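Asker: Sequence:
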Amino acid sequence: MRREKNITDIAEFKRSVPVTTYERIFLYIQRIANGEDSSLITAHSIIEMLCSSGMLGGEPKIMPSIAEDLERPTFVYNLTMPIINQYVLDLDEGKAMYLFFVKAEMSTPCGLPARTVLTSYYKSKHFKGRTYDPWNDFTSPDQTILCNDNNQSMHYQLLAGLVHRRQVLRLGAIFASTFLRAISFLERNWRHLCEDICNGQLSSSVIDPSCRSCMSSVLSTPDPRLTDEITRICSQKCWKGILCQLWPKAKYIEAVVTGSMAQYVPALKHYSDGRLPLVCTMYASSECYFGVNPKPLYDPVDVAFTLLPNMGYFEFLPLGHNGKLLMDFDEGDLPNDKLVDLVHVSFFYEPVVTTFAGLY
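Note that the numbering used here has the sequence shown beginning at 1, numbered continuously upward.
Among the hints, a few may not be true.
[Claimed, not checked] Simulated crosslink set (SDA-like; lysine to any residue; CA at most 25 angstroms straight-line): (1) K269 - R166; (2) K269 - Y87; (3) K269 - S286; (4) K237 - D273; (5) K14 - F348; (6) K123 - F138; (7) K14 - I29; (8) K103 - R188; (9) K125 - R212; (10) K240 - L226; (11) K251 - I233; (12) K269 - P300; (13) K123 - T74.
If you are wondering where the hints come from, they were derived from the structure by calculation, not from laboratory data. From a predicted model like this one, the values you see are computed outputs, not experimental measurements.
Working from the sequences, and respecting the hints, build out all of it.
Answerer: In structure tokens:
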């Protein structure tokens with residue numbers, strides 16, 4: 001909440017700012033979205049609202065975000081590569097076919113952007129203005145990632161990935177479900193993609209002008225040989241192991257494969273024939289980026305994340321004997337005095353975060 005004074009003592013902080021829930025501050029967030037000052041809930045200027053996958057009354061929750069919030073995902077993304085490099089060598093010698101997408105954004109009544117945290121990041125200077133990095137050389141041009149039409153974006157990005165198939169060392173998307181959606185798209189549309197490659201130009205159905213412009217350098221000349229290679233592979237009745245055939249130098253698949261995404265692990269293993277490790281590099285949410293996976297090649301069921309203290313102030317609510325999560329408690333029953341700073345192995349906790357915007 002809004003900071004009235006500097007609090008450096010943890011006990012005083014907990015006393016002055018008791019744990020709360022989204023429901024309790026929603027009316028304040030709504031007032032700011034309607035034009036009132038950010039000081040209603042935070043000492044910083046709110047620059048946008050981040051739309052969460054969580055719901056309240058059938059509508060997505062919106063999280064206030066301040067300018068420096070964009071520096072934290074940049075820090076986490078930059079940290080994951082040195083960790084991966086300890087386990088997988090020579091990733092700077094090829095490209096990454098990472099399929100990233102933006103979602104349509106809205107505006108609040110006062111004009112603040114309301115969008116997902118990933119859309120916010122991809123549209124920020126931290127992503128668009130990044131310097132060239134051989135360890136993060138994506139097959140997809142930025143304009144294709146920023147295309148608002150997800151079907152066209154998918155077409156462009158898969159096309160670029162196929163053109164660079166011999167240079168691709170990594171495959172992935174943010175979520176396992178997104179990557180499987182790309183495979184499904186490829187199953188339905190590989191013939192159209194092959195036509196583009198064979199002709200050396202995009203089909204007339206691809207209409208986004210900025211994407212057509214940037215893809216002209218990717219698809220510069222007809223390549224019937226590449227077309228034949230892709231046709232031979234994609235014409236098979238069984239697509240088990242198809243990823244390793246289309247991108248033979250790929251070393252792993254990166255995506256969120258924990259939590260609700262764990263259900264997609266068998267399908268990913270089918271399409272890779274179990275030959276590509278499934279790598280989940282970080283733990284993040286709309287509210288806060290939490291930390292990184294220091295052992296990325298571990299099996300998804302054994303993944304453990306290290307929380308980074310510069311992402312937020314973390315506390316933990318022990319789960320009761322009945323296994324209730326924080327969200328199961330009624331407003332009046334929030335166990336404010338049960339938060340702990342240190343946790344014990346084999347116990348379960350609900351994380352409680354104080355963000356740098358001052359929201360607790």
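Asker: All the hints need checking, so say for each whether the structure fits it.
Answerer: So, going through the hints one by one against the coordinates:
Note on K269 and R166: the hinted pairing holds, with a Cα-Cα distance of about 21 angstroms set against a maximum of 25 angstroms. Taking the CA atoms of K269 and Y87, the gap is about 20 angstroms. The hint holds against a cut of 25 angstroms. The suggested pairing of K269 with S286 is violated, with an alpha-carbon distance near 28 angstroms, which exceeds 25 angstroms. About 15 angstroms separates the Cα atoms of K237 and D273, which keeps this hinted pair within 25 angstroms; it holds.
In summary, the hint linking K14 to F348 is supported, as the alpha carbons are separated by about 22 angstroms, within the 25 angstroms threshold. A hinted pair counts as satisfied when its Cα atoms are at most 25 angstroms apart, and K123 with F138 qualifies at roughly 16 angstroms. Taking the CA atoms of K14 and I29, the gap is about 22 angstroms. The hint holds against a cut of 25 angstroms. The suggested pairing of K103 with R188 holds, with an alpha-carbon distance near 22 angstroms, which does not exceed 25 angstroms.
Between K125 and R212 the CA atoms are separated by roughly 23 angstroms; this keeps the pair inside 25 angstroms, and the hint holds. Taking the CA atoms of K240 and L226, the gap is about 21 angstroms. The hint holds against a cut of 25 angstroms. Proximity of K251 to I233 is assessed by CA-CA distance (about 19 angstroms); at most 25 angstroms being required, the pair is judged to hold. Our distance criterion of 25 angstroms between C-alpha atoms is met by K269 and P300, whose separation comes to about 12 angstroms.
Annotation: proposed proximity of K123 to T74 holds, straight-line Cα distance about 13 angstroms (limit 25 angstroms).
Of the hints listed earlier, the one the structure fails to meet is number 3.
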